[in-house]
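Respectively, the protein sequence lines represent chains E and G. Under the numbering used here, the letters of the first sequence match residues 1 to 112, in that order. Under the numbering used here, the letters of the second sequence match residues 1 to 114, in that order.
Don't read these hints as lab results, they were simulated from the structure. There's no promise every hint is true.
Unchecked claim - Pairwise CB distance ranges, derived in the manner of DEER restraints:
{"hint": "1", "chain 1": "E", "residue 1": "Gln9", "chain 2": "G", "residue 2": "Glu3", "range": "39 to 47 Å"}
{"hint": "2", "chain 1": "G", "residue 1": "Gly72", "chain 2": "E", "residue 2": "Pro40", "range": "47 to 55 Å"}
{"hint": "3", "chain 1": "G", "residue 1": "Glu18", "chain 2": "E", "residue 2": "Arg61", "range": "41 to 49 Å"}
{"hint": "4", "chain 1": "G", "residue 1": "Arg80", "chain 2": "E", "residue 2": "Leu111", "range": "40 to 48 Å"}
{"hint": "5", "chain 1": "E", "residue 1": "Gln14", "chain 2": "G", "residue 2": "Asp63", "range": "47 to 55 Å"}
{"hint": "6", "chain 1": "E", "residue 1": "Gln3", "chain 2": "G", "residue 2": "Tyr50", "range": "36 to 44 Å"}
Predicted model, so just to flag it, every value in this text is computed and none were measured. A virtual CB, placed ideally from N, CA and C, is assigned to each residue, including glycine.
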Amino acid sequence: QQQVKQSPQSLIVQKGGISIINCAYENTAFDYFPWYQQFPGKGPALLIAIRPDVSEKKEGRFTISFNKSAKQFSLHIMDSQPGDSATYFCAANKGSARQLTFGSGTQLTVLP
Amino acid sequence: EPEVTQTPSHQVTQMGQEVILRCVPISNHLYFYWYRQILGQKVEFLVSFYNNEISEKSEIFDDQFSVERPDGSNFTLKIRSTKLEDSAMYFCASSAMTGGTEAFFGQGTRLTVV
């Protein structure tokens, strides 16, 4: 019940296209859903996060869509650029807990 | 921009040896964490630390592991007797608020146990 399931495992998108990464969770106590971006040899960097009281959050080219009833959330990267090529992790946390539960990661490759 | 810094960036150690991984969290943060990432796998929570004590730990964080905040700036992870399966990237993170929200990660220490 603590798992966060992420798909796809890898994604190849043309420059200018839309990248979509999906995550699903079981634990309804989760109340914070961040996305992290990780470049090779670096630590995960917080990209954007959402709480379940809103269905969508947009920051620049990055949008989180949240479906509370389906227990799913997704990251949309509009106008994908080669510099977006990285591994993306969704995560979840419940307010009283300290730990983030991460998804398995999606390796995104944006072709020039 | 404030950042979490970790040293060393890469450590090679022999099986059975003790290692200490060091972290300097962001200065005004109160919550500290260690995570690990085995090559090609997801990031896994190890332990969280607040107010000079462990607040949560995972099943991975057994008696071989310990954490300490020896002074006002450093946060360390000690592995007493390393095993081959401890080989991983270890990330320190810190946050200003509870709940793991807005946790900032360091660049990691790659631990290789031979």
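Hints and how they fare:
1. Gln9/E / Glu3/G: 39 to 47 Å: violated, 29 Å
2. Gly72/G / Pro40/E: 47 to 55 Å: The hint (47 to 55 Å, Cβ to Cβ) is violated, given that Gly72/G and Pro40/E are roughly 33 Å apart.
3. Glu18/G / Arg61/E: 41 to 49 Å: holds, 46 Å
4. Arg80/G / Leu111/E: 40 to 48 Å: holds, 47 Å
5. Gln14/E / Asp63/G: 47 to 55 Å: Given a distance of about 51 Å, which is inside 47 to 55 Å, the answer is holds.
6. Gln3/E / Tyr50/G: 36 to 44 Å: At roughly 25 Å between Cβ atoms, Tyr50/G and Gln3/E fall outside 36 to 44 Å, so the hint is violated.
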